[in-house]
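Asker: Chains as they are written, first to last, in our numbering: chain W, 37 to 220; chain B, 37 to 220.
Everything labelled a hint here was simulated from the structure, so no lab data went into it. Please note that a few of the clues may not be correct.
No copy is singled out in the list; a pair is fine if it fits within one copy or between any two copies.
To be verified - With a Cα cut of at most 20 Å, we get these calculated SDA-like pairs of lysine to any residue:
(1) Lys151 x Thr98
(2) Lys76 x Arg47
(3) Lys151 x Arg74
(4) Lys151 x Phe94
(5) Lys96 x Glu152
(6) Lys76 x Gly185
(7) Lys96 x Asp56
(8) Lys199 x Val124
(9) Lys96 x Val124
(10) Lys76 x Glu46
(11) Lys151 x Leu73
(12) Lys199 x Glu107
(13) Lys199 x Glu152
(14) Lys151 x Gly132
(15) Lys96 x Leu192
Number of protein chains: 2
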Amino acid sequence: MDGPTAQLLERRWGAVLTADVVEYSRLTSLNEEQTYLRYKAHRRELIDPMTAEYRARFVKSTGDGILAEFETALDAVWCAIQVQQQMVERCKGESGDRRIVFRMGLSCGNIIADKEDIYGHDVNVAARLQTVAPAGGIAMTDRVAELVGPSLSLPLEDLGIQKFRNMCLPVRVFQCRVLGEVAS
Amino acid sequence: MDGPTAQLLERRWGAVLTADVVEYSRLTSLNEEQTYLRYKAHRRELIDPMTAEYRARFVKSTGDGILAEFETALDAVWCAIQVQQQMVERCKGESGDRRIVFRMGLSCGNIIADKEDIYGHDVNVAARLQTVAPAGGIAMTDRVAELVGPSLSLPLEDLGIQKFRNMCLPVRVFQCRVLGEVAS
Numbered sequence: 037m038d039g040p041t042a043q044l045l046e047r048r049w050g051a052v053l054t055a056d057v058v059e060y061s062r063l064t065s066l067n068e069e070q071t072y073l074r075y076k077a078h079r080r081e082l083i084d085p086m087t088a089e090y091r092a093r094f095v096k097s098t099g100d101g102i103l104a105e106f107e108t109a110l111d112a113v114w115c116a117i118q119v120q121q122q123m124v125e126r127c128k129g130e131s132g133d134r135r136i137v138f139r140m141g142l143s144c145g146n147i148i149a150d151k152e153d154i155y156g157h158d159v160n161v162a163a164r165l166q167t168v169a170p171a172g173g174i175a176m177t178d179r180v181a182e183l184v185g186p187s188l189s190l191p192l193e194d195l196g197i198q199k200f201r202n203m204c205l206p207v208r209v210f211q212c213r214v215l216g217e218v219a220s
Numbered sequence: 037m038d039g040p041t042a043q044l045l046e047r048r049w050g051a052v053l054t055a056d057v058v059e060y061s062r063l064t065s066l067n068e069e070q071t072y073l074r075y076k077a078h079r080r081e082l083i084d085p086m087t088a089e090y091r092a093r094f095v096k097s098t099g100d101g102i103l104a105e106f107e108t109a110l111d112a113v114w115c116a117i118q119v120q121q122q123m124v125e126r127c128k129g130e131s132g133d134r135r136i137v138f139r140m141g142l143s144c145g146n147i148i149a150d151k152e153d154i155y156g157h158d159v160n161v162a163a164r165l166q167t168v169a170p171a172g173g174i175a176m177t178d179r180v181a182e183l184v185g186p187s188l189s190l191p192l193e194d195l196g197i198q199k200f201r202n203m204c205l206p207v208r209v210f211q212c213r214v215l216g217e218v219a220s
């Protein structure tokens with residue numbers, strides 16, 4: 037199975053955005069139904085319209101967030117920033133221990149796509165970056181940072197080269213805290 | 037938003053099965069395309085037909101596995117056991133460091149369902165149990181174990197009460213190693 041079969045796979049350039057809710061299991065433990073209702077309101081009123089506006093070509097629910105693919109890194113990062121900025125407004129006045137806060141991971145590369153899902157190293161990387169992203173902010177690969185940096189008004193912080201468990205290649209990570217970020 | 041709104045939520049009794057590939061990121065790092073092709077073959081030839089046979093009413097891709105919901109805990113556990121047993125046969129002779137091995141988590145309860153996904157504490161629990169399941173085996177809640185135990189020919193091992201991060205309620209966990217399990 038080595039070699040030639042690889043050429044049968046559909047590949048395309050894409051930017052991958054993953055988002056999930058910080059401490060979603062804790063929020064669900066505190067109040068399952070209110071957490072669900074508030075999360076779904078953020079999806080319906082903010083995240084779904086925003087991914088559509090930035091022309092996401094693939095969006096999947098991950099239970100407490102989304103996996104989305106965009107044509108360009110700029111589309112993905114602007115979508116992410118808009119969502120995080122508007123979340124600050126939406127959650128003003130809510131008590132910190134019940135507040136829904138998203139963290140996001142961003143990568144780009146040649147991904148594998150089929151009818152059901154998107155796959156490959158860069159999809160895995162986005163999911164890992166999300167886990168190290170600041171609450172209310174975005175973590176991205178150096179490739180994304182290079183592509184979008186000149187177009188952003190927000191500062192990108194270099195977190196250096198990080199090694200993730202089970203990943204052979206280390207990743208240089210940048211983070212964007214987004215204006216008005218809430219405390220984690 | 038407290039109280040009455042809760043009654044608007046559609047709830048149903050369901051058994052939740054989550055499955056993912058042990059060290060999927062490592063396998064992808066070693067060979068992205070072969071890992072994808074072999075994983076998809078297991079899905080197409082084994083997992084998708086098996087979840088259909090046991091009448092799963094919801095199945096979602098999680099990239100390296102599935103989240104599925106069944107009407108009864110017995111349907112879910114039999115589906116899981118069949119998949120794990122057949123995986124041993126399918127992967128005979130493959131070298132251990134490249135072998136695709138699934139681990140599975142199983143819970144049941146009154147879950148929240150909408151058009152897109154399934155939600156709630158018991159869905160979160162299944163996902164956590166998956167992370168402590170033995171490679172090639174299944175971890176389940178005590179509620180599942182009580183419901184299916186008398187019908188299984190396989191022994192269930194009591195792993196005791198476990199506390200998962202960010203979950204208020206501890207979970208009593210049982211595991212089923214499945215006949216012919218491969219080493220992790």
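Asker: Hint by hint, note whether the structure agrees.
Answerer: Hint check:
1. In this homomeric assembly, Lys151 and Thr98 come within 20 Å of each other (Cα to Cα) both inside a single copy, at 17 Å, and across copies, at 13 Å.
2. When the C-alpha separation of Lys76 and Arg47 is checked against a cutoff of 20 Å, the pair qualifies only between copies, where the shortest distance is 15 Å, while the shortest distance within a copy is 32 Å.
3. For the identical chains of this complex, Lys151 and Arg74 are inter-copy neighbours only, at 17 Å across copies versus 30 Å inside a copy, given an alpha-carbon limit of 20 Å.
4. When the C-alpha separation of Lys151 and Phe94 is checked against a cutoff of 20 Å, the pair qualifies both within a copy, at 10 Å, and between copies, at 17 Å.
5. Taking identical chains as interchangeable, the C-alpha atoms of Lys96 and Glu152 lie at most 20 Å apart whether they share a chain (9 Å) or sit on different chains (9 Å).
6. Taking the shortest Cα distances, Lys76 and Gly185 never come within 20 Å of each other, neither inside one copy (31 Å) nor across copies (36 Å).
7. With identical chains, the CA atoms of Lys96 and Asp56 are at most 20 Å apart both within one copy (12 Å) and between copies (17 Å).
8. Taking the shortest Cα distances, Lys199 and Val124 never come within 20 Å of each other, neither inside one copy (31 Å) nor across copies (32 Å).
9. For a Cα distance limit of 20 Å, the shortest separation of Lys96 from Val124 qualifies neither inside one copy, at 24 Å, nor across copies, at 31 Å.
10. In this assembly of identical chains, Lys76 and Glu46 lie within 20 Å of each other by CA distance solely across copies; the values are 14 Å between and 33 Å within a copy.
11. In this assembly of identical chains, the alpha carbons of Lys151 and Leu73 lie at most 20 Å apart only when taken from different copies (14 Å versus 29 Å within one copy).
12. Taking identical chains as interchangeable, the C-alpha atoms of Lys199 and Glu107 are never at most 20 Å apart, the minima being 27 Å within one chain and 41 Å between chains.
13. For the identical chains of this complex, Lys199 and Glu152 are neighbours neither inside a copy (29 Å) nor across copies (34 Å), given an alpha-carbon limit of 20 Å.
14. For the homomeric pair Lys151 and Gly132, neither the shortest alpha-carbon distance inside one copy (39 Å) nor that between copies (30 Å) is at most 20 Å.
15. With identical chains, the CA atoms of Lys96 and Leu192 are never at most 20 Å apart, being 27 Å at best within one copy and 35 Å at best between copies.
Checked against the numbered hints given earlier, the structure breaks hints 6, 8, 9, 12, 13, 14 and 15 and satisfies all the rest.
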